[in-house]
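**Student:** Make one complex out of these two single chains by using the hints.
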Amino acid sequence: MKDKLVQLVAKTLKIDENEVSESTSPNNTQQWDSLTTMILITEIEESFKVTFSVEEMMQLKSVKDIRALLRMKEVENV
Amino acid sequence: MSDKNHTLRSLIRNLWIDKSKLYERGLEQPNFKVALLSTCTIDPLEYYLGGTLIEYGFNPDFYKSPYNQVIQTCLNHKEIIPSDTKAVVVIWRIEDFILEELEKFLKKEQNIFSDINNKINLLIDAIRALVESKNYFTVVSIPSFPQVSYISNFDLQNRPLLREFYFYVTKYFFNAVRDFSNLTTIDLNLIQQYIGVENATDFRTWYLFKQPWSEIFWLEIAKEISRLLRAYYMPTAKCIVLDCDGTLWGGIVGEDSIFGIQLSEEYPGIIYKQVQRYLLSLREKGIFLALLSKNNEEDVWDVFENHKDMILKREHIATYSISWEPKHKGIKKIANDLNISLNTIVFIDDNSFEIEEMNKFYPDVKSLERPKNLLSYLDILKKSVFFDSLTLTEEDYLRNNLISLEKRRKELQNKLTYQDFLNTLDLKIVVKLMQQQHIDRVVQLLNKTNQFNLTTRRYTKDDILGLYDSKDHLFFIISAQDIFGDYGIIGIAIGVLNKKVFILDSFLLSCRALGRKIETALLSVIIKKARKLGAKICRAEFILTPKNVLAKDFLLEHGFKYEADNFWLADLDTLTLVEPSHIKLSEEDESTL
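Quick note, the sequences are listed as chains L and A, same order.
Take my numbering: the last position of the first sequence gets the number 78, and nothing is skipped along the way.
Take my numbering: the last position of the second sequence gets the number 593, and nothing is skipped along the way.
Wrong hints could be hidden among the right ones.
To be verified - Which residues of chain A face chain L? A partial, calculated answer using Cβ under 7 Å:
id	residue
1	L8
2	S10
3	I17
4	D43
5	F209
These are computed hints drawn from the structure, not numbers from a lab.
Quick reminder that beta carbons are idealized off the backbone N, C-alpha and C, glycines included.
Just chain A, same shape as in the assembly (with noise of 0.2 Å):
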């Protein structure tokens, strides 16, 4: 294995070293001592360990026990462990510990067991007296593999002997430690499998210092003790809000249909399937799913009750907001149906704007990007520690939620309106006239959007080609980009000038940009761009359909009156619209309007 992660390692030792710079200052105080314990060297644990824990909200710092002192420290842990620490954390080796027994093993001495039995016992009762007295939630170690240079009589012959000891030792531990109340166990052997022994191991170290890990393998297993850790001391999730369209199917279901969705046994449908099933085994342990989607209801449901392959249906659904409202508004209708406080939810979307929204306005939320490689969608699920739970009482989870009230504070700091979060977007939008190289997207726009859509007005391409080669029909295209990304053409619209009034024949923009007030900014354009053409009036249309509930009020609130059959009318000398001062329109193609 390369290893290519000593950026990420030398960022987490660094938030360990800064934080306890900040402790010395007196700038900030611990509040989550960590008592470490071991059979060999492991300085190194405390910096990874630390950076890790301070990622996850912790204020850690730590008592070391003295080298190989575990039994002694575990025995007489009142007198030597600081009576304010939360966790111990036991790492012993197979090497330090039993090496001993297992030479004589792979020696095939007699009655070798009631020996290993006895060693073992001895950890065995020290970790039972430090875990009846309560007063710390403990992790300790189940060895990994030995390395077998530290075996001196170790041959081809005995290799099975070495597995049959390893797992001999470790089962016997295992089973002694597992019912412990307030215990948890790391497994090793399983990192180090992960890893791979050559990379865990690092003899220069163990030589000068007693210390026999490489940094890779410190980092993994600081990893998981705080993972263990966090899931005992912090809240975990009791519900996680899903958005539909992106995330629980490929596609937009009110762009493409219930038909035209992807979901199904084969790539890529397969993929939201298996998500899917993981939700539901989520589900299964307790937490609510919720839905959280910019679309119509019906199409949301029609889904659910109809799609053959959908795992989750209605009815593990807790609760819903579906509308085109921005979504932290609709998580917080959610958490007040659930009754639960927003640090407990997780939130999953594919769209990085909504993610940025959550982020900004709901810090606390813990927002999960889809990632752009669906093949990672389900291990990201699967590695993220919202989900981590360990068994716990109530009071263990009262007595031990360390961090709400800084998280809190955190929250009233960010009062942001919509509007401020609009504005850190660097929206630019570029609106122009369609030139032959933008027709197939334009017909594609055309016949594809369903939601935003005044007309949801359908042409072919030659229809297109023909209105084009007329002359008198205008056709605006905009595209626009943000610090999301470059969406390139996002929306259309068809006008034609008859006499002294404008008329609005087509007016449409991809759902991919909406809650960014782009159309408003289009129609000042196009209105701009009429009066210079002489109009006096605009005339738009507004045609209902199943799917474009969500464009019904756009003429009413950008100064339309209406007229008649589906008919809107403003009178362009008096027609204000405020251009929305977050976006940035291009000036150069402005002026070729």
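So that you can see chain L by itself, here it is in the shape it has in the complex (with noise of 0.2 Å):
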């Protein structure tokens, strides 16, 4: 069993989870563009429970990225 953030990424793009690692990015993930970008926003924002601010959402460049704004914004089990 993956993580839940994991699972988000794979569901969202339509992905196998497989194939989400820390490193996946729009530079390295043909489904991830700038429409997924928003409903993956989306799908994390309701997920976790939290609210990006604008310049936050222009830095989620990657899971790693996302990962660590999540425990910045004191996310647990993330």
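**Tutor:** Listed below in structure tokens is the structure:
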């Protein structure tokens, strides 16, 4: 069982969970475009009950970035 | 407005994500293509519209026109929009489409109205080209009131002008498109007013993605669009099948009498009156009303004919089934009488048991449970999509009757027996001998219960206390619970042993507990106890009243033979009772008997 963030990324980008790593990003993942970025932000905000500022949204450029930001927002078990 | 709906939104988005995975794997095929055209980024709509359409039984997929190319797409729809498209949704905003004219208007420039008209006419002509092809059903937005932050020269003084502009534009547009065939409108402003402008807007996604609206707003927009599409493409209700007690009036006419039911200008009776008014208005729109009630028929018609607060009259009722049979049988009769199919019937009942039974037997019937909170009763009926209807021709209806095959297949798989249904209830009963603390409830039941009551013998509290203290009478009390809840004490029996004869003086069950064979279980406990006490014969009495026809055959069906003068006998050496297999009788309490 992969962690919740990996599951969310895989589900939103419609790719296999095993294809998602910390370095997964728009640069190496074709499915991660501006539309899926928008949907991914919604999924993350609503699943982890956080709200991103527009600046934070712009920083979400990889799974690692997202995880770091969620930890900074004191989300547990990320 | 606090936003607690993120779980619901997530569920709806996931419905769509899961469905699109099934398409990708070839496990299911889409059958309902919707084209989305808009003046701004509307990608979240795909997720919410996808999910809500799936809930209504569609297998949707989407074509999205390029960003801000509404007019081009409409005018060239034959080349651009896929030919298998069933519906087109056009979302446009004043801020995107006609902002320049708005700014000029706020600056009070001269002759601006012809510019405004020309601009809106462009859109109207494009939409006309779309609908005239008659290829698709079209839903077009009436724009929401503009978000003032988008307007550069908005100030205190020109506020009323913004309002004037908004009403001018929306009225002009609406008047032009309202009579287009195969088109309906969705008023985004009504939705925005309902959730509030602040809640409807998301500037973060606007500045990053040109997507102006919040997830809350998108969900509401999607819900309304899918309701419109459902009303157009799916069968709408032809008949409302109504329970009576607890549905058309409060209380139980068979127990409380015509004078005791709740139906008046005061709360709670007024709620039922309002519901009846709404039902009558649906009847005026051409929907049949029918009754499906477990009752004595005379009691029900007595209310219809003689209760001064009844809005519904007997002549409003197209057909009925009033009996003690399980309701899934009655609904078949009603459907046959009216020659309509089950998927055009809405069934309303206050009893979860009846709703569950109907859902199990006939999932095609739309079952609505009267909410426990009466205040929301009318609201739930008014919000119900089953009564939505858009004017449509018979031809449209036939062409678009998409899912009836799928539903029929489901119904065939669901051929279950009444016993199968009872087995799912997880019914547990406890039979005990009465204790001091039960006396009030026992007196209440003895004096209130009319329908399943063998003798209708009434006792005062003093009578009961006297018999209880004398120790020779046995008072059985039965309580029950199932998956719908704990019913508490729902039945009483009183018996007394006279030499070798066990005499059953009273035997009754509250009507809330009927239809589950609890009466058989209670009788079998009593018979066991009588045998334990050395009885050879059980002697029971049935006194027919205008209210207890329901219990008429109970003794006969349970192995008793008629003696004389209302008395029935059972030989305890030979009597065999089949204990209902779906009822779990509590062991520990059995031993105390």
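**Student:** None of the hints should be skipped; say for each whether it holds.
**Tutor:** Here's how the hints hold up against the structure:
1. L8: violated, 10 Å
2. S10: holds, 5 Å
3. I17: This interface hint holds because 6 Å falls under the 7 Å limit.
4. D43: holds, 5 Å
5. F209: holds, 5 Å
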